[in-house]
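Chemist: Given next are the chains, with one letter for each unit.
4 protein chains.
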Amino acid sequence: MTKPYFPAREGDPPPLRAEVRRRVRFEEVDSIGIVWHGRYAGYFEDARDALGERYGIGYMDFYEHGILVPIKQLHADFHRPLRLKEEVTVEATLHYSEAARINHAFVIRDRQGAVATTGYTVQMMLDRDRNLCMIPPPFYEAFLERWREGRIHP
Amino acid sequence: MTKPYFPAREGDPPPLRAEVRRRVRFEEVDSIGIVWHGRYAGYFEDARDALGERYGIGYMDFYEHGILVPIKQLHADFHRPLRLKEEVTVEATLHYSEAARINHAFVIRDRQGAVATTGYTVQMMLDRDRNLCMIPPPFYEAFLERWREGRIHP
Amino acid sequence: MTKPYFPAREGDPPPLRAEVRRRVRFEEVDSIGIVWHGRYAGYFEDARDALGERYGIGYMDFYEHGILVPIKQLHADFHRPLRLKEEVTVEATLHYSEAARINHAFVIRDRQGAVATTGYTVQMMLDRDRNLCMIPPPFYEAFLERWREGRIHP
Amino acid sequence: MTKPYFPAREGDPPPLRAEVRRRVRFEEVDSIGIVWHGRYAGYFEDARDALGERYGIGYMDFYEHGILVPIKQLHADFHRPLRLKEEVTVEATLHYSEAARINHAFVIRDRQGAVATTGYTVQMMLDRDRNLCMIPPPFYEAFLERWREGRIHP
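Protein chains in written order, with this note's numbering: chain A, 1090 to 1243; chain B, 1090 to 1243; chain C, 1090 to 1243; chain D, 1090 to 1243.
Keep in mind that the hints are not guaranteed to be accurate.
Which copy? The list can't say, so a pair holds if one copy fits it or any two copies do.
DSS-like cross-link-like pairs, simulated, lysine-lysine; straight-line CA separation at most 25 Å [said to hold, decoys possible]:
{"no.": "1", "residue 1": "1174", "residue 2": "1092"}
{"no.": "2", "residue 1": "1161", "residue 2": "1174"}
{"no.": "3", "residue 1": "1161", "residue 2": "1092"}
Hint data in this document are derived by calculation from the structure and do not stem from the laboratory.
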């Protein structure tokens, strides 16, 4: 990933991180012997959920505030295939944005630390009437403020 | 399937049937080159849904009457593996029961008509409070009556 | 999709097309009641496979020439969610490229023709030793030539 | 599970066990908010694989001896649904058999130890020519012998 998916603007606080470990399951591997490309959305989701839980900003936290955060965009770049029983780490980073959207980038690394897959997701925010939010809900604004002020530790 | 999964009792009306065609997808095949056994639940579901829609007794019909019909039991016998792009028919048969349960048997056949997979599912009925129904809801009782009286055509 | 995923260069022959119909299955829908974003890779694959079979350039055709064509890049933009039992068409278009890569774009439309999802995949070509092909294999070169000469009908 | 799926015969050594922990993922949950019944084959597989690895008798061990061990039978009984983010243990037990088949039973328990799901799988053994093995391969016979003699510790 030579070019960042979400280039930081000057003054943005550094991304927040979370990581999960995962092992390639038999059911995930295709007839060529590699993880089928469509399964990676689930790998990314594991790490995104871990990050959301760690910082209290997961889809369940939004849901409790009446907001749905469906995926608007999914992207994956496959650098090296994953094989049966391979152990990997999936890292999610949340990139600062003041817009009503949630930008995560992902890196999957093998046991030697080599990058196997990178990608990103963009989520939008929908209110109770399923209308697109123009600004984030207050609880997330407060989170963004703490983040800007350096009070959230990556 | 030499022994029927749901032996008919004397006086029971004959089973109802529906069939769907399906073709093995790349994502369904495992590293050995055959459909992964866990995918068959979806094959069965396609045929069960088709039967439910055909006779107006699908899970959505139950749902509209406040009843959930979750799967209580799933069983599959694998006689012959299915391979990439193979075209199959999935037949569902609904077996008569006066109890508050729904018994479907399934047969998957290849293009030559040879049996590849058989299986069954049993569904129970839950009311609005998620309690187990002791008897079927009135709309399904009425359906069973029409079935008994030979007014539903298989 | 206001901006094309694969802008045509001057002189490129028009894209080739194929379309499949598909209906949202119960197992594809998440707890919010919409198709889980990770399932769309399978929707795209259905249409990509149909195109490959139609023109004799599917992954099985490559495989028979000793070439694997794994997915290098997957992208999806979600414009409108899909719901249970919704019927959609998935259109794949193959975009001309002289490089050793295969570029497909996808559009999923609902019954009214409204665009629900768009996306693309990029495939690379690997030879028998799993090395990246610098140029396409002869059978595909011949296909590209027929395409350029207008002898393949979209 | 009041009645065992694989009743022990007199003189059989006790079953072998392995257990994995797993947490319900967003992508596994259906529109009713519970794990879709078809996903449990993957839960069972996680525990079956763990047992195979623990005792050196997994499908990869068989494969290295030229034997495939496809699933012949799958059965699941659903006692209590699993919900989003619920943490469960999946226990696999391998039941002694001198026939050329592998019999596993499974129990999924929630955090309070209550049984949510039980089930079993039966695997057969196929030799290099894909013919059904009448007796287990030597390496597995040797394993069975050690098991009978009490030299394998559950």
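Chemist: It remains to establish, for every hint, whether it holds in the given structure.
Modeler: Hints, verified against the model:
no. : hint         : result
1   : 1174 to 1092 : neither (30 Å within a copy, 34 Å between copies)
2   : 1161 to 1174 : between (31 Å within a copy, 21 Å between copies)
3   : 1161 to 1092 : both (21 Å within a copy, 16 Å between copies)
Comparing the model with each earlier hint shows a violation of hint 1 alone; every other hint is respected.
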